[in-house]
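2 protein chains.
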Amino acid sequence: MKIGRLNHVGVAVPDIEAAKATYAGLYGADEATQTKDFPHLGVRVAFVHLANSEIELLEPLGDDSPVHKFLERNPRGGQHHLCFEVPDIVAARDAMVAKGATVLGTGEPYIGAHGVPVIFIHPKNSHGQLIELMQEPA
Amino acid sequence: MKIGRLNHVGVAVPDIEAAKATYAGLYGADEATQTKDFPHLGVRVAFVHLANSEIELLEPLGDDSPVHKFLERNPRGGQHHLCFEVPDIVAARDAMVAKGATVLGTGEPYIGAHGVPVIFIHPKNSHGQLIELMQEPA
Numbered sequence: 001m002k003i004g005r006l007n008h009v010g011v012a013v014p015d016i017e018a019a020k021a022t023y024a025g026l027y028g029a030d031e032a033t034q035t036k037d038f039p040h041l042g043v044r045v046a047f048v049h050l051a052n053s054e055i056e057l058l059e060p061l062g063d064d065s066p067v068h069k070f071l072e073r074n075p076r077g078g079q080h081h082l083c084f085e086v087p088d089i090v091a092a093r094d095a096m097v098a099k100g101a102t103v104l105g106t107g108e109p110y111i112g113a114h115g116v117p118v119i120f121i122h123p124k125n126s127h128g129q130l131i132e133l134m135q136e137p138a
Numbered sequence: 001m002k003i004g005r006l007n008h009v010g011v012a013v014p015d016i017e018a019a020k021a022t023y024a025g026l027y028g029a030d031e032a033t034q035t036k037d038f039p040h041l042g043v044r045v046a047f048v049h050l051a052n053s054e055i056e057l058l059e060p061l062g063d064d065s066p067v068h069k070f071l072e073r074n075p076r077g078g079q080h081h082l083c084f085e086v087p088d089i090v091a092a093r094d095a096m097v098a099k100g101a102t103v104l105g106t107g108e109p110y111i112g113a114h115g116v117p118v119i120f121i122h123p124k125n126s127h128g129q130l131i132e133l134m135q136e137p138a
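Just so you know, the protein sequences line up as chains A and B, in that order.
full-length UniProt numbering puts the first residue of the first sequence at 1, with every later residue one more than the last.
full-length UniProt numbering puts the first residue of the second sequence at 1, with every later residue one more than the last.
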């Protein structure tokens, strides 16, 4: 298995609209998607488009959001995960398991904010770095 | 001012060679540069090449390394900064100052690990996210 493109960098923030305003106003990165709620994922999400990748802004949604604990430790916000594209998410999951890595949650791929299946690999397997693997968008 | 490409994501680790081995062995990202010491920056650096960007692995070098404090708070390692390319680093610095952002250090651009001038913007200006701006490599 070999990862492909860096699809996006996940950045957790307490307020997505404020963060979009900063990326647009301070850095001129003014192409962003509408903010969308994903109740089953526990997050609100918007993407800031860059020339070669994207920033995925994540705001907690609901009390058991996976982003809550992160913001407790980092109240202002901060970098949350890296997401790489893979050609086949099931093959990638099987390769991760075969190599002894820990796939978060049930271990089964599920549909993420891009509408394609994803898995997350525990940070302990990558020197503290939370890694998302995403089926290449068609 | 408008940022360009996401040149790299900076990831701090306690041991660069171990991290390179993980990105190669677990994720198949086996194209990386030799590790190089930058004593004046207080870091050892290697780049893992991705299809559309790079991961900059950072290991502290010397007692006053800027990465030391980060690893004290995150002993396993973790995401450290995002680096965007800009066409003119002095114009970008002037734009940041004019907008009230805090440029770290002396405020003057200095030569980073890519051999081109860079500045860093304080995380307080970007919702906890440390941002590097880099003159586009020629």
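Just so you know, these hints were derived from the structure itself, not from any lab.
Note that this is a predicted model, so its numbers are computed, not measured.
Warning: the hint list may mix true and false statements.
[To be verified] For lysine-lysine, the following DSS-like pairs were computed, each having C-alpha atoms within a straight-line distance of at most 30 Å: (1) K69(A) / K36(A); (2) K69(B) / K99(B); (3) K99(B) / K2(B); (4) K2(B) / K36(A); (5) K69(A) / K124(B); (6) K2(A) / K36(B); (7) K124(B) / K124(A); (8) K124(A) / K99(B); (9) K99(A) / K36(A); (10) K69(B) / K124(A); (11) K2(B) / K124(B); (12) K124(B) / K36(A); (13) K124(A) / K99(A); (14) K69(A) / K69(B).
Consistency of the hints with the structure:
With a CA separation close to 21 Å, the supplied pair K69(A) and K36(A) stays within the 30 Å bound. Proposed proximity of K69(B) and K99(B) is supported: the alpha carbons are some 28 Å apart, at most 30 Å. Among the hinted pairs, K99(B) with K2(B) is consistent with the structure: their alpha-carbon atoms are about 13 Å apart, no more than 30 Å. A distance of roughly 25 Å separates the Cα atoms of K2(B) and K36(A); the hinted pair therefore holds under the 30 Å criterion.
Only pairs whose Cα atoms come within 30 Å are accepted, and K69(A) paired with K124(B) is accepted, the gap being roughly 20 Å. For the hint linking K2(A) to K36(B), the alpha-carbon distance of about 25 Å falls within 30 Å, and the restraint holds. Note on K124(B) and K124(A): the hinted pairing holds, with a Cα-Cα distance of about 28 Å set against a maximum of 30 Å. Using a Cα cut-off of 30 Å, the hinted pair K124(A) and K99(B) is violated, with the two alpha carbons roughly 39 Å apart.
Pair hint K99(A) plus K36(A) does not hold up; C-alpha atoms about 35 Å apart against a cutoff of 30 Å. As the CA atoms of K69(B) and K124(A) are separated by approximately 20 Å, the hinted pair is consistent with the 30 Å bound. Note on K2(B) and K124(B): the hinted pairing holds, with a Cα-Cα distance of about 20 Å set against a maximum of 30 Å. Proposed proximity of K124(B) and K36(A) is supported: the alpha carbons are some 25 Å apart, at most 30 Å.
In summary, the hint linking K124(A) to K99(A) is supported, as the alpha carbons are separated by about 13 Å, within the 30 Å threshold. A C-alpha spacing of about 21 Å is found between K69(A) and K69(B), which places the hinted pair at or below 30 Å, so the restraint holds.
In this structure, the earlier hints numbered 8, 9 are contradicted, and the remaining ones agree with it.
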